[in-house]
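Novice: For reference, the chains in residue letters:
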Amino acid sequence: MKQDEQLFEKIENYLDGNLPKEEATRFEQQIQNDSKLHELVKMHRFEREGMEYLFEKNLKQKINSWDNNYAEVEVLPQEKKMTIRFILIGLMILASAFLFWWATKNPAPTPQESTPETETSFPIPPPEKELNPNDPPIAERKKQDIPVKIPKQKSHKKEINYLALAKENYELPQDLIINLRGLSPEKSTNVLEEGFKEFENKNFAKAILKFEKISATQSPTEYKIAQKYLAHAYFQVNDFPNAASVFQKLAAENLLPEEYEWFFTVSLLPSYSRNKKTIESMLNQMTDPEVEHDFAKQAQKLKSELFE
Amino acid sequence: MNLVNWNDKQIAEAIQNQPSKVETILKYLYHEKGWQKAAVRLVKKLGGNDFDGKDAGQDALLAFYKNVRSGKFLGESALESYYLQIVKFNWFKTLRKQKPTAEYDAQQFSDTETVNLETDYISKEKESYFEKALAQIGERCKKILILKYEEYSLKEIAKKMELKNDNMAKKALYRCRLKFRDFLEKYPNWKNLILDEAR
Chain P
20 MKQDEQLFEK IENYLDGNLP KEEATRFEQQ IQNDSKLHEL VKMHRFEREG
70 MEYLFEKNLK QKINSWDNNY AEVEVLPQEK KMTIRFILIG LMILASAFLF
120 WWATKNPAPT PQESTPETET SFPIPPPEKE LNPNDPPIAE RKKQDIPVKI
170 PKQKSHKKEI NYLALAKENY ELPQDLIINL RGLSPEKSTN VLEEGFKEFE
220 NKNFAKAILK FEKISATQSP TEYKIAQKYL AHAYFQVNDF PNAASVFQKL
270 AAENLLPEEY EWFFTVSLLP SYSRNKKTIE SMLNQMTDPE VEHDFAKQAQ
320 KLKSELFE
Chain F
678 MNLVNWNDKQ IAEAIQNQPS KVETILKYLY HEKGWQKAAV RLVKKLGGND
728 FDGKDAGQDA LLAFYKNVRS GKFLGESALE SYYLQIVKFN WFKTLRKQKP
778 TAEYDAQQFS DTETVNLETD YISKEKESYF EKALAQIGER CKKILILKYE
828 EYSLKEIAKK MELKNDNMAK KALYRCRLKF RDFLEKYPNW KNLILDEAR
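Those protein sequence lines, which keep their order, are chains P and F.
Counting from 20, one number per residue, gives the positions in the first sequence under the working numbering.
Counting from 678, one number per residue, gives the positions in the second sequence under the working numbering.
Mixed in with the good hints there might be a few duds.
Computed list of lysine-lysine pairs in DSS-like fashion (alpha-carbon distance at most 30 angstroms, straight line) [stated by the list, open to error]:
id	chain 1	residue 1	chain 2	residue 2
1	F	Lys-819	P	Lys-55
2	F	Lys-820	P	Lys-81
3	P	Lys-225	F	Lys-868
4	P	Lys-79	F	Lys-774
5	P	Lys-76	F	Lys-698
6	F	Lys-832	P	Lys-29
7	F	Lys-820	P	Lys-243
8	P	Lys-61	F	Lys-774
9	F	Lys-714	P	Lys-55
10	F	Lys-714	P	Lys-216
11	F	Lys-848	P	Lys-79
12	P	Lys-296	F	Lys-714
13	F	Lys-722	P	Lys-81
14	F	Lys-774	P	Lys-76
15	P	Lys-76	F	Lys-819
16	P	Lys-221	F	Lys-868
17	F	Lys-809	P	Lys-221
18	F	Lys-809	P	Lys-29
19	F	Lys-722	P	Lys-295
20	P	Lys-295	F	Lys-714
21	P	Lys-232	F	Lys-819
22	P	Lys-29	F	Lys-819
Simulated from the structure, these hints should not be mistaken for lab results.
The whole structure should be built from the sequences, with the hints applied where relevant.
Specialist: Shown next, in the form of structure tokens:
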């Protein structure tokens with residue numbers, strides 16, 4: 020193990036160009052003569068490429084988030100920001116002056132003067148109605164009374180967070196999980212069973228690996244079942260292009276395609292700009308009164324969120 | 678990091694050699710220097726809308742980073758012009774996909790950097806491998822690997838990841854790499870593909 024770590028470090032140093040020239044040349048010769056070592060160096064290179072991919076993916080997500088954050092900040096021009104700052108400072112000065120006045124007018128009571136809480140000078144609002152034993156506890160009711168701050172609706176289309184919209188409109192069909200529980204092991208292969216198990220435990224990435232192994236030619240029935248779960252598993256791990264592609268295929272092959280059509284549309288949302296036309300046409304089709312689509316209501320709601 | 682006084686050469690060099698600064702630099706260029714707005718203006722001029730512009734601006738920023746990092750940017754034009762050339766280039770590619778029959782004038786690109794506007798993205802196959810392998814290693818390992826890629830020292834990685842010392846960071850890094858490799862060992866087909874590709 021220790022030896023492995025040392026070799027690992029040496030390869031890293033070699034690839035980083037941190038080995039002294041003579042040692043690097045010696046190591047290169049060693050690589051050429053030792054096929055195992057050669058393979059190991061290739062693997063290292065590949066792993067570094069993986070790290071680069073991870074870094075770029077992370078960077079892309081960050082770039083995306085900058086736009087969302089900046090969209091809100093940019094609404095305020097510099098002069099407005101200054102005015103707000105002055106108003107806030109003014110309010111803080113007023114609040115401090117009031118607190119000072121209050122403290123001098125009502126000095127804090129000494130411990131001897133302290134009174135029970137019920138006799139405090141702060142007014143207690145009278146209860147709105149007689150307490151009923153069936154009412155929720157006071158803490159709960161107070162919670163309900165607190166005014167909820169509703170975030171301002173973004174008015175411009177370009178500010179819609181399409182990823183969030185996709186997630187909002189997606190719900191894992193409960194029958195998928197229920198069906199899983201009804202399957203008996205003798206009816207399916209090990210791979211399908213293993214996939215189900217991972218899916219049920221929400222290990223979607225592992226479930227994908229299992230379901231992808233099932234081939235259409237070897238076991239067509241199992242393939243059909245697996246595809247359904249595969250599409251949802253892709254969605255769960257945010258692999259929307261693959262999810263969309265499988266849902267689309269399922270919609271084309273099934274006699275009752277409506278559910279798949281809906282999930283296909285939802286999977287297209289995160290890349291809205293690229294899929295705008297398809298999304299629009301799918302939603303129009305689903306909301307067509309003559310079609311009486313199972314998901315017409317959801318489609319109508321989504322349509323109004325996207326286009327109005 | 679005050680980037681106001683940095684010239685293009687310093688910025689390009691930092692992008693190439695200091696991965697930990699990349700995010701700050703790109704954010705500065707994109708928003709403070711107004712590249713995003715310029716991208717939106719350009720795409721609107723070329724027939725797109727605000728949304729297209731924003732989308733194209735984002736994609737081009739990543740392409741810009743990749744090209745500068747890989748040395749494709751030769752320094753023959755200003756960084757901002759180069760970025761806007763990528764925006765334009767990518768936008769035309771999008772249009773071409775939408776309307777394959779329409780013709781777009783290649784002359785619209787400046788001669789100097791045109792050949793270097795294309796960005797090398799990894800193959801879909803490899804991307805799918807990375808996605809699957811990375812899904813296995815967990816969020817903590819992903820963070821550690823990103824920090825390593827950003828060339829943070831083991832001491833800094835230990836601090837950021839709340840590990841006892843740099844030795845623990847080294848071990849954690851090693852374990853994360855093994856987890857990543859584990860995927861290859863489980864799927865020899867992938868391994869063969871990678872080794873064949875590297876040959």
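Novice: It remains to establish, for every hint, whether it holds in the given structure.
Specialist: How the hints compare with the structure:
Distance restraint check for F:Lys-819 and P:Lys-55: the Cα-Cα separation of roughly 27 angstroms lies within the 30 angstroms cut-off, and the hinted pair is therefore satisfied. Taken as a hint, the F:Lys-820 and P:Lys-81 pair is honoured in the structure, with Cα atoms around 14 angstroms apart against an allowance of 30 angstroms. At most 30 angstroms may separate the alpha-carbon atoms for a hinted pair to count; P:Lys-225 and F:Lys-868 meet this at roughly 18 angstroms. Pair hint P:Lys-79 plus F:Lys-774 holds up; C-alpha atoms about 22 angstroms apart against a cutoff of 30 angstroms.
At roughly 16 angstroms between alpha-carbon atoms, P:Lys-76 and F:Lys-698 fall within 30 angstroms of each other, so this suggested pair holds. Taken as a hint, the F:Lys-832 and P:Lys-29 pair is honoured in the structure, with Cα atoms around 19 angstroms apart against an allowance of 30 angstroms. With a CA separation close to 37 angstroms, the supplied pair F:Lys-820 and P:Lys-243 exceeds the 30 angstroms bound. Only pairs whose Cα atoms come within 30 angstroms are accepted, and P:Lys-61 paired with F:Lys-774 is rejected, the gap being roughly 36 angstroms.
For the given pair, F:Lys-714 sits about 52 angstroms from P:Lys-55 by alpha-carbon distance, which is inconsistent with the 30 angstroms threshold. Between F:Lys-714 and P:Lys-216, the direct Cα distance comes to roughly 49 angstroms. Violation of the 30 angstroms bound is thereby established for this hinted pair. A C-alpha spacing of about 29 angstroms is found between F:Lys-848 and P:Lys-79, which places the hinted pair at or below 30 angstroms, so the restraint holds. About 25 angstroms separates the Cα atoms of P:Lys-296 and F:Lys-714, which keeps this hinted pair within 30 angstroms; it holds.
Restraint check for F:Lys-722 and P:Lys-81: the C-alpha separation of about 27 angstroms stays at or below 30 angstroms, so the hint holds. Between F:Lys-774 and P:Lys-76 the CA atoms are separated by roughly 24 angstroms; this keeps the pair inside 30 angstroms, and the hint holds. For a cut-off of 30 angstroms, the pair hint linking P:Lys-76 to F:Lys-819 stands: about 11 angstroms separates their Cα positions. Of the pairs offered as hints, the one joining P:Lys-221 and F:Lys-868 holds, with about 27 angstroms between alpha carbons and a cut-off of 30 angstroms not exceeded.
For the given pair, F:Lys-809 sits about 15 angstroms from P:Lys-221 by alpha-carbon distance, which is consistent with the 30 angstroms threshold. Taking the CA atoms of F:Lys-809 and P:Lys-29, the gap is about 28 angstroms. The hint holds against a cut of 30 angstroms. Distance check on the hinted pair: F:Lys-722 and P:Lys-295 sit about 20 angstroms apart at the alpha-carbon level, within 30 angstroms; holds. Restraint check for P:Lys-295 and F:Lys-714: the C-alpha separation of about 22 angstroms stays at or below 30 angstroms, so the hint holds.
A threshold of 30 angstroms between alpha carbons decides the hint, and for P:Lys-232 with F:Lys-819 the separation of about 26 angstroms falls inside it, so the pair holds. Proposed proximity of P:Lys-29 and F:Lys-819 is supported: the alpha carbons are some 22 angstroms apart, at most 30 angstroms.
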